[in-house]
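Listed below are the residues making up each chain.
Number of protein chains: 2
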Amino acid sequence: MSVGDVSKRILLGRKLRSSQLGETLLPKRIALPVFASDALSSVAYAPDEIFIMLAIAGTSTYVWSWKIGLVVALVMLTVVASYRQTVHAYPSGGGDYEVATVNLGRNAGITVASALIVDYVLTVAVSISSAAQYAAGAIPPLIDHEATVGVVAVAILTAMNLRGVRESGGFFAVPTYLFMVAILGMCGYGLLRLLVGDLPDAESAGLTIQPSPGWEEPLTQVGLMFLLARAFSSGCAALTGVEAISNGVPAFRKPKSRNAATTLLLLALIAITMMMSVIVLAKQMTIRYVDPHELDRLRSAGGGAVPADYDQHPVIAQIAAGVFDHFSPGFYFVITVTGIILVLAANTAFNGFPVLGSILAQDGLAPRSLGSRGDRLAYSNGIVFLAALSMLLIWVFDAETTKLIQLYIVGVFVSFNLSQLGMIRHWTRHLRTETDPAARRRMLRSRAINTFGLGMTAVVLVIVLITKFLAGAWITILAMGFFFLVMRAIGRHYARVELELAADEQDKVMPTRVHAIVLASKLHKPTLRALAFARATRPNVLEAIYVSIDPKATNRLLEDWDERRLDIPLKVLHSPYREVVRPIVEYTQEIRRASPRGVVAVYIPEYVVGRWWEQLLHNQTALRLKGRLLFTPGVMVISVPYQLRSSQVAQERERRDEERVHAGDLRRGRVTSRNSRPGQIDDL
Amino acid sequence: MSVGDVSKRILLGRKLRSSQLGETLLPKRIALPVFASDALSSVAYAPDEIFIMLAIAGTSTYVWSWKIGLVVALVMLTVVASYRQTVHAYPSGGGDYEVATVNLGRNAGITVASALIVDYVLTVAVSISSAAQYAAGAIPPLIDHEATVGVVAVAILTAMNLRGVRESGGFFAVPTYLFMVAILGMCGYGLLRLLVGDLPDAESAGLTIQPSPGWEEPLTQVGLMFLLARAFSSGCAALTGVEAISNGVPAFRKPKSRNAATTLLLLALIAITMMMSVIVLAKQMTIRYVDPHELDRLRSAGGGAVPADYDQHPVIAQIAAGVFDHFSPGFYFVITVTGIILVLAANTAFNGFPVLGSILAQDGLAPRSLGSRGDRLAYSNGIVFLAALSMLLIWVFDAETTKLIQLYIVGVFVSFNLSQLGMIRHWTRHLRTETDPAARRRMLRSRAINTFGLGMTAVVLVIVLITKFLAGAWITILAMGFFFLVMRAIGRHYARVELELAADEQDKVMPTRVHAIVLASKLHKPTLRALAFARATRPNVLEAIYVSIDPKATNRLLEDWDERRLDIPLKVLHSPYREVVRPIVEYTQEIRRASPRGVVAVYIPEYVVGRWWEQLLHNQTALRLKGRLLFTPGVMVISVPYQLRSSQVAQERERRDEERVHAGDLRRGRVTSRNSRPGQIDDL
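Protein chains in written order, with the UniProt record's numbering: chain C, 1 to 684; chain P, 1 to 684.
Here chain C stands alone, though its shape is the one from the complex:
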């Protein structure tokens, strides 16, 4: 095979791989669970938060619970309608970030990116904290150790993702569909029992709730409004994660945008059904639910305090316990599946974060190396960063979902808002040029939807900011500001470098002569190979250089040199202070000074070993030397490797490493390795 053939073959790409691509794209029934776990899992904590907030004024405000649920559902429908427009207009998967950048400019894009980074961290923290509470509900010994459970869970997730877990459709589909079955089944059965008048009360039904100080009855109009607003904004936690599909359009089967939009609508309907069912059942079963920090506000039927060891179980757990009062496997099934879906939701952050990183890297807002697949180090750093921040949050907030929720929703709604605003601009811009009346009508309709969405999400953002700023949202805003500044700085740096590197006319000048020096430490195979390679490049001057730090070794080398009758001159640089690097650097500088238009080619023979401890024993000097020579103008540094047998160990390791799965591959619509089994997803 000639070299020409080789390069043609590579130009065309591997046929097999390209054809595999289509097969691994996701049908709707798989795409739904892949992208839905985050959004659906919020039904595990959003209703709880509504009840907690309403309970501030005692149980009388519980009448508002299903109305607040309806408003949240309305907002969700609006947001989903808006995202259905985005999915059609931006099918490339850039999502909110792309919409904001394209339509509102770089700073808006960076703002959305900051919000997304914060959201990923909080998704992990909130989901895992909530999962820890469910775990404690099912396994009593874990009570009061929720933070530890959470941190350990994040550590396990991190290890799995660093190792490279292959995300497959099945990985998501089974637990997500089980979760839907569990929640909808439970609610259906509960509503049935309600109809036949057989629905038991929840375990907390007999309790009463003492209002928080200052919130005693009768509430003022303003007070009530504020309370409802707080409950509403906490309930908006149900909206987190609905934007995931807009980032995953490329993973859908064709017609991609239409399928994505349909899936989005489906997701919204399921989420709303689940949330409303839970709220209504909880209301009917007269659940009493307060901030877990303020259990002393619960009063037993007689008016006394609840026992000190009273454990308040999450709303879904209380419903399950009641509905399945004669069938405990039902209870455990609901709790287990809920816990799993929450962990899965956390895992989506681990998968989404590298994807975001690679998009930001392409736009010069994150280290460039994140942009190409396979930079294990940069990629691992991202995962560890996400894990460390979320563990910190879980620890500091003691795995209390209620407190973490206060931080969560700001970021989500910042990106909702910017995205809607961007979409309005998008349609306005296109309307300017579009003449086809049908298309214009569609665009006007889309713009109206996005405008309505913007209005709605703007109001929510204001409510969230007012009701949650002091409760924790300020932390989110500070963090967003920090990430914003870092990304700006990185962007500026890349721009400055690009300017400095821009080619001008004089850059085509060729060096007049090449002075090659081969570094010889001994006369062994690597040196001989370096000499042969150097000679093959036919430099104007070729000489070997030896840094002498020991007269005995020097004499031995000189003898060997003569014995071999090498016709390349060997120059000895004396180094009385046992330095190796500096004499060579200085020598190259002197050559360069003597002939400023020439270039010095420094050939470094290196032998390549495989094991980590062998690497400690070799080539440290070569590494240091290369590092120093890079700073010397007019020098090329040529590594001539000689592979020792043990180097195969490392080569194997490298290859395994490259072929490992990277988190986020599935949602980019990419198979990750030549070893992946085609059709794996369709096998389901």
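Hints may be right or wrong, so weigh each one.
Where chains are identical, the list cannot tell them apart; a pair therefore holds if satisfied intra-copy or between any two copies.
The calculated DSS-like cross-link candidates involving lysine-lysine, where the alpha carbons are at most 27 Å apart (straight line), are [unchecked claim]:
(1) Lys552 <-> Lys254
(2) Lys67 <-> Lys403
(3) Lys254 <-> Lys403
(4) Lys283 <-> Lys403
(5) Lys254 <-> Lys28
For the record, the hints were derived by calculation from the structure and aren't laboratory data.
Could you slot chain P onto chain C? The hints should help.
The following block gives chain P in isolation, referenced to the frame of chain C:
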């Protein structure tokens, strides 16, 4: 200036530097303090240990104290006499390690090296622990926090040595001479007061000592012997450090060996005088001294226990307090200077350890990079290793000198023994060929001295092993075994690699053709420079390669390429999965397969930035690529650097780093930097 001139100038070495060497060699009056601090400082704890051991059987055995002192002195004189032979026979400064390796073979050398490594660690641990006790004696709030004080002190020493403290003669001379003045002055004044009958008792004189359980009077003959043997072997701690001069002969002025031998004798006489004076005075002042762990064995005059807050001060502190009972500045002076000399002794280990490392590296028993000066990383690792181990020891043994001493002496005497045995072989070997009767007589005399020395040190080693094995010496022996095995493994590895690398006849074959590929990521200055450099090497084939992971960027580059009318073909490798490294590696492999006798030259344009965070943002892909290409046979990797303005920051930092002082420079007889002031030592 032509290149010829340049290389000649470098061949000759820097004249200025070479002539400086002579001036910085040490005269005897400076060499004594430089090498003596370790040996002399042991007078601060060796007498204490003798008294502690004797006190096991109560105070009655204290009559033996000065006799034990005399035996220790005898051993010291013997050892010093032996080392005077070594200094003459091995003036290169290899010391015990060289003697053992040359005369007894590699394994003996490695054994000595293991012993030395352990000794360096223990020198730090023991000296600093003892210093912490003196500090607590002078500053009562430090009592019971000796371990913390010790660990902090080691941390400070470590930081200083990592930073690079210039060891100068003055650094040692002033405190060492002050220490001699302080101890000898105190003892002289004390003996004077003894003569005039005015010597007060020590603060502990009124106490009595309860024998340890099982050691009550009357002692059996065997029991007494064992007790005396234990006291003697603890007293042998006074011998630690006398071998230092044999490692430092190159730093002496000429005649080096004679001057070193004289200094050695002087050192021994001073050390013995100090130790004996302290023991005699302590005895005369009826000091009562027990293991600080068994203070409850002390009984007050009335027979009751001493008060719970009784603090037992070190022997020198008690003598100073008594002798200077009307002159407290004298007390504080003695304590302060003693503390300083102990810290200085610990610092000698930080200086000696890198020297040992570089000798071992030259012999292939330690990472090679330790052998050349200036490998900051390897060098720092050594210092951190030493610090970490000694901190661990101080912490585990709670800074109790008495316990650490049990570990200390084994290593010292192992190397004494092997060194003596080696010297006997040395003389025997030389006697075989020597014919001059005068020289033979001298050699026979030297051999007799070494034989006597071996006999003496062998007996001591046996005594030490018997009396201390269970008390802690087993730890030392385990550690020595570990280091022995590690060094053996390193040695074997280097030997195996050397064998694999040995050149044979077919290694002169030249590659038939050079296929050069230049990696282009953009068409900027670095790429143009790489193209120009690559073209200057006149390869058989020259092409540019671009890995396409984004069609837009690809088209932009292709347009730029055409616009510039570059006559080098640009080949595009498509990479559907966003990989960069693998397509290039595979391409080179294909070229190589097509033409197995050719060589592939991969030119990588790199731009060099200066700040650490900039380095995170750039060249990660180039680094990874270079790493992978090194494992690909038949490939040369050429870095063509383009220095950005900010790279000067890094260059400056590198330069400063190289010119920094390295611990151990002084004792190798080397000035360390072109900035060192010549004659600095003579200025004193």
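Evaluation of the provided hints:
1. Lys552 <-> Lys254: For Lys552 and Lys254, the Cα distance is within 27 Å only across copies (23 Å; inside one copy 74 Å).
2. Lys67 <-> Lys403: within (23 Å within a copy, 76 Å between copies)
3. Lys254 <-> Lys403: For Lys254 and Lys403, the Cα distance exceeds 27 Å both inside one copy (42 Å) and across copies (77 Å).
4. Lys283 <-> Lys403: Classified as within; 23 Å inside a copy, 72 Å across copies.
5. Lys254 <-> Lys28: Classified as within; 10 Å inside a copy, 89 Å across copies.
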